[in-house]
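> Quick note on numbering: my numbering labels position 33 of the sequence shown as 40, and the sequence is numbered without any gaps.
Hint data in this document are derived by calculation from the structure and do not stem from the laboratory.
Keep in mind that a hint or two might mislead.
What the hints assert, rightly or not - List of simulated lysine-lysine pairs, BS3-like, C-alpha gap at most 30 Å:
#  : residue 1 : residue 2
1  : K58       : K119
2  : K94       : K196
3  : K58       : K334
4  : K334      : K305
5  : K165      : K124
6  : K165      : K292
7  : K302      : K358
8  : K351      : K334
9  : K365      : K58
10 : K358      : K196
11 : K363      : K334
12 : K124      : K292
13 : K196      : K365
14 : K81       : K124
15 : K351      : K363
16 : K165      : K196
17 : K94       : K81
18 : K58       : K363
19 : K266      : K280
20 : K292      : K280
21 : K302      : K292
22 : K119      : K83
23 : K119      : K165
24 : K280      : K263
25 : K302      : K351
26 : K363      : K302
27 : K351      : K365
28 : K263      : K305
29 : K58       : K94
30 : K120      : K94
31 : K124      : K94
32 : K83       : K94
33 : K196      : K124
34 : K292      : K263
35 : K305      : K351
36 : K351      : K58
37 : K196      : K351
38 : K58       : K83
Since we're looking at a predicted model, the values are computed, not measured.
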Amino acid sequence: MSLPLEGIRVLDLTRLLPGPYCSLLLADFGADVIKVEHPEVGDYARWSSPKVGDQSALFLSLNRNKRSITLNLKEKEDQEVFLELVKTADVVLESFRPGVMERLGLGYEVLKKQNPKLIYCAITGYGQTGPMADEPGHDLNFLSYSGLLHLQGQSGEKPMIPSVQIGDIGGGGLMAAVGVLVSIIDAQKSREGQFVDISMLDGVISWMQTILPDRWASAEPLPDRGELLLNGGKAAYEVYRTRDDRFLSVGALEFKFWKNFCEGVGREEFIDKLDAPIEEQRRMKLGIEQSVLQKTLKEWMSLFEGVDACVAPVLTPEEMAGHVQVKQREMVEEVTHPQLGLMKTISNPIKLSGEKGKIRHHPPQLGEHNEEILREIGYSNQKVSKGE
8 MSLPLEGIRV LDLTRLLPGP YCSLLLADFG ADVIKVEHPE VGDYARWSSP
58 KVGDQSALFL SLNRNKRSIT LNLKEKEDQE VFLELVKTAD VVLESFRPGV
108 MERLGLGYEV LKKQNPKLIY CAITGYGQTG PMADEPGHDL NFLSYSGLLH
158 LQGQSGEKPM IPSVQIGDIG GGGLMAAVGV LVSIIDAQKS REGQFVDISM
208 LDGVISWMQT ILPDRWASAE PLPDRGELLL NGGKAAYEVY RTRDDRFLSV
258 GALEFKFWKN FCEGVGREEF IDKLDAPIEE QRRMKLGIEQ SVLQKTLKEW
308 MSLFEGVDAC VAPVLTPEEM AGHVQVKQRE MVEEVTHPQL GLMKTISNPI
358 KLSGEKGKIR HHPPQLGEHN EEILREIGYS NQKVSKGE
């Protein structure tokens with residue numbers, strides 16, 4: 008059985024995290040993703056630490072199932088090679104600031120003349136339009152402008168930086184993958200490509216579904232950080248310290264779960280106060296904290312085994328990788344790299360009843376597929392700029 012995206016070719020000019028995450032999702036399901044990299048440095052993520060062999064662990068995780076060709080897009084000969092590749096491609100993915108590709112003479116209007124069915128996806132911090140379109144930024148900046156960072160952390164303390172890149176992956180990589188897939192479906196009907204404009208700020212704002220609609224529907228000011236329904240405002244949705252200095256998370260938002268939880272920790276007096284005002288919620292949290300401190304994490308998990316209370320242990324990444332649920336879902340795979348040997352990698356989270364995404368090829372060395380790709384587009388002796 009063939010993979011769903013076999014026959015789709017993606018030219019990926021992106022670096023670091025958002026674009027490579029997008030193209031990883033496409034590559035896992037069969038798309039021929041060709042990383043078009045600068046011959047001297049390539050994808051910057053190759054060289055960050057820690058390394059496995061001579062490339063970073065981050066790069067190896069993000070770039071399986073892809074090929075690499077090195078082109079200096081400032082050089083005329085390499086531009087010509089790129090234009091020939093564009094004729095064979097379905098998608099071009101880039102993450103430069105607006106105007107960079109136009110200054111190279113390779114903007115969307117130029118490329119679609121070579122290939123009218125081309126889908127051109129640009130991932131930027133703030134999008135192609137608006138007064139901030141040309142501004143630089145990173146994940147933390149996008150979270151700041153969205154208002155989300157303001158709500159991260161505890162009341163009265165400074166905003167807390169998330170441990171994962173919400174803007175890069177959620178606002179950028181995932182949104183780009185959806186935009187590309189929607190455009191592929193549309194192109195099959197219209198026989199035409201289109202420009203996909205992905206703003207990481209836009210993407211973060213779109214994630215705030217449990218915050219913004221409530222604010223707009225109410226005349227009251229938005230609660231401070233740590234006081235939102237799903238941000239530490241309720242005793243039923245909180246993390247509590249155990250006797251062995253571990254943590255127990257509780258997500259008992261529905262009454263039936265809350266009742267079971269309160270009975271489990273011996274705080275039956277709180278059962279009817281699930282939706283109590285914020286001051287009462289704070290008092291309940293102090294009481295529950297005192298109760299949870301009486302037992303170890305293991306003891307609590309044993310006590311709540313088989314009880315519907317939405318209780319979970321706060322696992323370390325190492326514990327997660329060994330957890331029976333994660334192992335059953337095969338979310339951490341061991342693969343054999345031809346040079347590096349056995350190594351762990353994060354699996355594709357999208358499970359299909361048909362042919363599933365799979366790891367078919369190791370992450371490419373810089374320019375590893377130069378000759379192979381050139382032959383495919385009819386160059387027999389052409390040499391492109393090659394990284395060392």
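> Against this structure, judge whether each hint is valid.
Evaluation of the provided hints:
no. : hint         : in the structure
1   : K58 to K119  : violated, 39 Å
2   : K94 to K196  : holds, 19 Å
3   : K58 to K334  : holds, 25 Å
4   : K334 to K305 : holds, 20 Å
5   : K165 to K124 : violated, 48 Å
6   : K165 to K292 : holds, 21 Å
7   : K302 to K358 : violated, 38 Å
8   : K351 to K334 : holds, 12 Å
9   : K365 to K58  : holds, 24 Å
10  : K358 to K196 : holds, 26 Å
11  : K363 to K334 : holds, 17 Å
12  : K124 to K292 : violated, 57 Å
13  : K196 to K365 : holds, 28 Å
14  : K81 to K124  : holds, 25 Å
15  : K351 to K363 : holds, 19 Å
16  : K165 to K196 : violated, 50 Å
17  : K94 to K81   : holds, 19 Å
18  : K58 to K363  : holds, 29 Å
19  : K266 to K280 : holds, 10 Å
20  : K292 to K280 : holds, 12 Å
21  : K302 to K292 : holds, 16 Å
22  : K119 to K83  : holds, 19 Å
23  : K119 to K165 : violated, 47 Å
24  : K280 to K263 : holds, 13 Å
25  : K302 to K351 : violated, 34 Å
26  : K363 to K302 : violated, 42 Å
27  : K351 to K365 : holds, 14 Å
28  : K263 to K305 : holds, 23 Å
29  : K58 to K94   : violated, 36 Å
30  : K120 to K94  : holds, 9 Å
31  : K124 to K94  : holds, 9 Å
32  : K83 to K94   : holds, 17 Å
33  : K196 to K124 : holds, 11 Å
34  : K292 to K263 : holds, 18 Å
35  : K305 to K351 : holds, 27 Å
36  : K351 to K58  : holds, 13 Å
37  : K196 to K351 : violated, 40 Å
38  : K58 to K83   : violated, 34 Å
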